[in-house]
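Turn these sequences into a full structure, and let the hints steer you where they fit.
Read off the chains here:
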Amino acid sequence: MLDEPDEKSNEDLMGSVRLGNRHAFEVLINRHQRSVLNFIFRFLGNRTDAEDLTQEVFLRVWKAAGTYKPDAKFTTWLYRIATNLCINRQHAIRIRRLFVQSHIQEQIQNSKDSSIIGESAGILSPEERLIDSEQSVRLLNALNELPTSQRVAIVLRIYDEMSYQEIAQIMDRSVSSVDSLLIRAKKNLHRKLVEKK
Amino acid sequence: MKTCQNIRKNLSAYQDGEVGTAEKDVIEAHLRSCKACANQHEALLKAYRMLKSLPAIEPTPEFSRQIMDRATRVQEAFWVRSLGQALRLLPTPSAIVAAAVVGLLLGTLSGNFLTKRQFRPAWTLSAFHSDQALTLASVRAFDATPPGSFAEGYLQLAGQNPERSYEK
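Chains as they are written, first to last, in my numbering: chain G, 1 to 197; chain C, 1001 to 1168.
Quick caveat, the hints were computed from the structure, so don't treat them as lab data.
Yeah, the Cβ is synthetic: ideal placement off N, Cα and C, and Gly gets one too.
Some clues are possibly wrong.
Claimed, not checked - Distance condition first, Cα-Cα at most 25 Å in a straight line; then the derived DMTMM-like pairs of lysine to aspartate or glutamate:
{"no.": "1", "chain 1": "G", "residue 1": "63", "chain 2": "C", "residue 2": "1069"}
{"no.": "2", "chain 1": "C", "residue 1": "1052", "chain 2": "G", "residue 2": "51"}
{"no.": "3", "chain 1": "C", "residue 1": "1024", "chain 2": "G", "residue 2": "166"}
{"no.": "4", "chain 1": "G", "residue 1": "63", "chain 2": "C", "residue 2": "1076"}
{"no.": "5", "chain 1": "G", "residue 1": "192", "chain 2": "C", "residue 2": "1016"}
{"no.": "6", "chain 1": "G", "residue 1": "73", "chain 2": "C", "residue 2": "1018"}
{"no.": "7", "chain 1": "C", "residue 1": "1024", "chain 2": "G", "residue 2": "145"}
{"no.": "8", "chain 1": "G", "residue 1": "69", "chain 2": "G", "residue 2": "6"}
{"no.": "9", "chain 1": "C", "residue 1": "1046", "chain 2": "G", "residue 2": "161"}
{"no.": "10", "chain 1": "G", "residue 1": "63", "chain 2": "G", "residue 2": "7"}
{"no.": "11", "chain 1": "C", "residue 1": "1052", "chain 2": "G", "residue 2": "49"}
{"no.": "12", "chain 1": "C", "residue 1": "1009", "chain 2": "G", "residue 2": "145"}
{"no.": "13", "chain 1": "C", "residue 1": "1009", "chain 2": "G", "residue 2": "134"}
{"no.": "14", "chain 1": "C", "residue 1": "1052", "chain 2": "G", "residue 2": "161"}
{"no.": "15", "chain 1": "G", "residue 1": "69", "chain 2": "G", "residue 2": "145"}
{"no.": "16", "chain 1": "C", "residue 1": "1009", "chain 2": "G", "residue 2": "6"}
{"no.": "17", "chain 1": "G", "residue 1": "69", "chain 2": "G", "residue 2": "49"}
{"no.": "18", "chain 1": "G", "residue 1": "73", "chain 2": "C", "residue 2": "1016"}
{"no.": "19", "chain 1": "C", "residue 1": "1052", "chain 2": "G", "residue 2": "145"}
{"no.": "20", "chain 1": "G", "residue 1": "69", "chain 2": "G", "residue 2": "56"}
{"no.": "21", "chain 1": "G", "residue 1": "8", "chain 2": "C", "residue 2": "1025"}
{"no.": "22", "chain 1": "G", "residue 1": "63", "chain 2": "G", "residue 2": "6"}
Said to hold, decoys possible - Quick partial rundown of chain C residues pointing at chain G, CB under 7 Å, derived from the structure:
{"no.": "23", "residue": "1012"}
{"no.": "24", "residue": "1026"}
{"no.": "25", "residue": "1047"}
{"no.": "26", "residue": "1057"}
{"no.": "27", "residue": "1061"}
{"no.": "28", "residue": "1064"}
{"no.": "29", "residue": "1067"}
{"no.": "30", "residue": "1071"}
Unchecked claim - Here are the computed distance ranges between Cβ atoms for each label pair:
{"no.": "31", "chain 1": "C", "residue 1": "1009", "chain 2": "G", "residue 2": "63", "range": "37 to 47 Å"}
{"no.": "32", "chain 1": "G", "residue 1": "88", "chain 2": "C", "residue 2": "1023", "range": "30 to 40 Å"}
{"no.": "33", "chain 1": "G", "residue 1": "177", "chain 2": "C", "residue 2": "1039", "range": "48 to 58 Å"}
This is the structure in structure tokens:
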């Protein structure tokens, strides 16, 4: 019964998506949304941005289905899209932060009423409170402080459990380069998480 | 010391199960005998385990539906955009009317120019010739290139119709 979309391989489903099959696309979303969402969340450290970007990743898949080559592994293609979007979004966030910081400083100078800052912090959901625990915040900050390529490599390795070969394909690098990225990432993380404890 | 450097270089790959069996045996043997490298191995593992403890977030139940809705909007926007582009390639109605008027004028003028010497209305002929001319004209009306037609004018101009009309 391999004809059922739910039992088809990712690559077969993409073949159907290329022909405009919406159900095949929905199956792919349900199969990969959680892993893509978490990959982006760990990369950016923000749930709202992660949700928005995950939707963007799948929209890119839908729009670019015609360019997908069936001989390429779907997850490699998917994570390559996600990685590129993450890097672009990271630049945008940095610019936004610079703007927000200068805006907040302006607000503080103009008014002594600090409630504006309290409001911008928002109310956290139970899940966000869990993520917001001291330990999680430390981990996310440590990840966020890593150079971009080290962060991509370590997140793909630790959370998505990808092989060095797959990571190399996603990042368009050699396996030995991925190896050295991971060594540096682990050493950096050790310095940030263990030595500074 | 050289051995320690080589071992540490491969520690990460060893932890990730990315070294071959022979390499793995060498590293494990070294870790059993070298306290410094064993400490380094533990330190890296500790950072790794801490990161692994970061909880995952779950997509909301309506998340995939939201993506599908956005995909639908993208598809609709694509068709609207394609149709718009196709319509933009068409000339505006005023341009079509102007082109038709210019075409009619040019056609009339060139038709008159090409045929005025070959075709005269029946009332300009003498009474003696009028019946004969009308008969000949009506017979030639069934020609592939009837007298006075644009096609006849063209053939004449191209020199493919040397034999001239009944009026000669």
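Practice problem: Check each numbered hint from earlier against the structure, then list the numbers of those it violates in ascending order. | Solution: Hints 7, 13, 15, 16, 17, 21, 24, 27, 33 not satisfied by this model.
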